[in-house]
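**Student:** All chains, please: the whole structure from these sequences, using the hints.
Residue numbers (my numbering), protein chains in the order written: chain A, 1 to 246; chain B, 1 to 597.
The hints are simulated quantities; they were obtained by calculation from the structure and are not laboratory data. Just so you know, not all the hints are guaranteed correct.
[To be verified] Derived CB-CB ranges, DEER-like:
1. 331(B) - 136(A): 28 to 34 Å
2. 227(A) - 354(B): 17 to 23 Å
3. 34(A) - 459(B): 25 to 31 Å
Virtual Cβ for every residue (Gly too), placed ideally from N, Cα, C.
For reference, the chains in residue letters:
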Amino acid sequence: MSATIPLKELKPLILSVYRFDPNKDKKAYMQDIEIEVPDNKDLMVLDVLHLAKEKETSLSFRRSCAEGVCGSDGMNINGKNGLACTTPLSEAVKRNKLVLRPMPGLPVIRDLIVDMKQFFNQFEKVKPYLITKDDAPELERKQSPAEREKLDGLYECILCGCCSTACPSFWWNPDKFLGPAALLYSLRFIVDSRDQATEERLDDLDDAFSLYRCHGIMNCVSVCPKGLNPAEAISNIRKKLTNRNR
Amino acid sequence: MKVDEIINGKDLPAMDFDSIIIGGGGAGMRASLQLAESGLNIAVISKVFPTRSHTVSAQGGITCAIQSDDPDDDWRWHMFDTVKGSDYIGDQDAIEYMCNEGPKAVFELEHMGLPFSRTEDGRIYQRPFGGQSKDYGKGGQASRTCAAADRTGHSLLHTLYQANLKAGTNFLNEWFAIDLVVNSNEEITGIVAFEIESGEIFYIRSKATVLATGGAGRIYASTTNALINSGDGIGMALRAGLPVQDIEMWQFHPTGIYGVGTLVTEGCRGEGGYLINKDGERFMEQYAPITKDLASRDVVSRSMALEILEGRGCGPKGDHIELKMDHLEPGVVHQRLPGVTELCKAFAHVDPAVEPIPVVPTCHYMMGGVPTNINGQVITLKNGSDTVVSGLYAAGEVACVSVHGGNRLGGNSLLDLVVFGRATGKHIEESLKQGVDLKKSSEEDINRALKRLNNLNASKQGKQTASLKREMQENMQNNFGVFRREDLMEKGIKDLANTREEVENMYLEDKSTIFNTARVEALEMQNLFEVAEATAITANERRESRGAHARVDYPERDDNNWLKHSIYFSSTKSVLKRDVNFRPNMVKAFQPEERKY
Chain A
1 MSATIPLKEL KPLILSVYRF DPNKDKKAYM QDIEIEVPDN KDLMVLDVLH
51 LAKEKETSLS FRRSCAEGVC GSDGMNINGK NGLACTTPLS EAVKRNKLVL
101 RPMPGLPVIR DLIVDMKQFF NQFEKVKPYL ITKDDAPELE RKQSPAEREK
151 LDGLYECILC GCCSTACPSF WWNPDKFLGP AALLYSLRFI VDSRDQATEE
201 RLDDLDDAFS LYRCHGIMNC VSVCPKGLNP AEAISNIRKK LTNRNR
Chain B
1 MKVDEIINGK DLPAMDFDSI IIGGGGAGMR ASLQLAESGL NIAVISKVFP
51 TRSHTVSAQG GITCAIQSDD PDDDWRWHMF DTVKGSDYIG DQDAIEYMCN
101 EGPKAVFELE HMGLPFSRTE DGRIYQRPFG GQSKDYGKGG QASRTCAAAD
151 RTGHSLLHTL YQANLKAGTN FLNEWFAIDL VVNSNEEITG IVAFEIESGE
201 IFYIRSKATV LATGGAGRIY ASTTNALINS GDGIGMALRA GLPVQDIEMW
251 QFHPTGIYGV GTLVTEGCRG EGGYLINKDG ERFMEQYAPI TKDLASRDVV
301 SRSMALEILE GRGCGPKGDH IELKMDHLEP GVVHQRLPGV TELCKAFAHV
351 DPAVEPIPVV PTCHYMMGGV PTNINGQVIT LKNGSDTVVS GLYAAGEVAC
401 VSVHGGNRLG GNSLLDLVVF GRATGKHIEE SLKQGVDLKK SSEEDINRAL
451 KRLNNLNASK QGKQTASLKR EMQENMQNNF GVFRREDLME KGIKDLANTR
501 EEVENMYLED KSTIFNTARV EALEMQNLFE VAEATAITAN ERRESRGAHA
551 RVDYPERDDN NWLKHSIYFS STKSVLKRDV NFRPNMVKAF QPEERKY
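**Tutor:** Structure follows, in structure tokens:
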């Protein structure tokens, strides 16, 4: 992250990174780039990508906040989805090798950059905004701390896509199954005491695919870089649907 | 037409909008929301997906007298604090407008669904922040910062994106704006921009163009800012012949994590944390006996820097300070500051509930920017008097309206961006209703905006982004930091002048069209350089100490000569002065006093 890494105590690391530029490559390939990383400091994967870009300026990846809150740099790190900026090398490197691929299941635009359109389409389907029918009061809408607490574990989603692109059900039906991120977001509004469209929201989910294609594989939970639990959110929505349809 | 060609302006395909907003952060999306709801044909042009914008990183909250913590709180007290915090070069008409309109703007956010933390009676939770007082500084510490745990920026940005989705706002996501198009009447007619994914480039014409491009903290080697904070709007304005105001005023946040720069919120001190030196001494008691660790940020950062300079820093190198929170209830730390806990574990390898956090003052916020009036209209100086630039607006960190003056108070940046994003949207809506046409531009006007892209595309050799950026960042870090002095600044200015040609003629090795981030970073580097040079020259010119601008060689505030805004034009590299507004509408102006905390 810092611009200056002390030149002493460097050790070589092999970055094996997925490359594809549709301008010139017929098909994708893995490129090995040798990077000198400091021995005394646990860099993040994103730092290694910056060092790699100095050698290979055409290497492309998204990044912004570099602290795990903006959701730009979701990628597949040694086989597991995560954020490059908050994954330390000590967790990611195996046998002195760091393998980076784009998040699976979405079309690759270039190198580590995937086309997120399908992901955001599904997100938009859950009407990800507060719906109210009454006029807004002059001050804030009241909400008790207990009501507010129901949003914890839901509102923190950063839309990085790590969960949905780790989900086999989403790979198979990315246009019909909403995927863990969108469903987590859906529950965020269903349980918001201020929202007045709970029934509509549940109606929208009550078909064979939108929600019920979740088979409890739990990849979403194991990869979420914010420690959220989309599988639990999905099961909560299921319970609400079951109770309602009973 | 693709972005890798040598392009002539007359060949560029055009797109037309009533209004375009460059930047999808808080200011941009608050402005776009206002305009989308009015049914105008608008677009937000953002180089990243909007929720990746740097507003997302704001932690502690949005300061506003909503009378939740204290039913007797008063926006005028907030105004007093803000004027004092600004070291008296904040414009009092703008500060008055912000503090008075603030509650409406904050309640609107709540109505959109922002998940604020709550008090027992269901109102928005407010926490104490630095520089806040009751009763015009006489009534003790206020708790005026409305918070969603320590993820207020994330909550605010996502809420605004949600509201824009609901309103049907048109987003051009992952598009990059190269430059403004200025016609011979010095009107802004639109921008030249390209879609990063496809490399398709357009002349986007607009009746009202809004700069909402955020800050430029990446001019420094150590910063809390996102990698995308490259001062694009400042670069565009300066190249269009427009000035920047008070650009020497950079806030160094007291608590950036040592070694990485990641921010931990002032809310840590608001919730009871405090700073200690290597002797475990709570040194802020000496520098600010009344408010201690909740003095304004410029005061705390200087005190920390002095402790380190005088040999009382922590660690084997004595080069940082510690933020102690392990005496607080673990519940407070984990519930009110969950994000901080996460960041400290990842970047400092400490749990703040158990051990102190190593911190240093770190570049955080650009108080200066493109001068505007309270409607967001960009101002330039002609023959010494304010003149509105036709067709151009600015809001948020890129703008200098100026509510922060020489030093911003914590929680006032989120308020600034919603209040003035909203005001900008309202003003554009009103003025377009009265009938405004697209303005005409010539081939040369468009070619000027294409110049730096064409240069990059033609480049065959030269320095590349990474090395140029590193040199500039180290220069700024070493010569324009918390304490400044003439000899170092002059050296820094000379080094910048020597690299200008290299920056203008830098080498773009990868000239591909599809999602070429090297091209984007080269264009960003040129913007950063404009900000750095403007900062350097203006900092050397302001021969006094005020707010965040602390000069070792001119340690006193000089109201006789410098109770003024600085105005900088890059074409002449000259610094002019502009009057500070002391004419609020509803209260009597606050006159300069000695700042004590």
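**Student:** List in ascending order the numbers of the hints, as given earlier, that are violated by the structure.
**Tutor:** none
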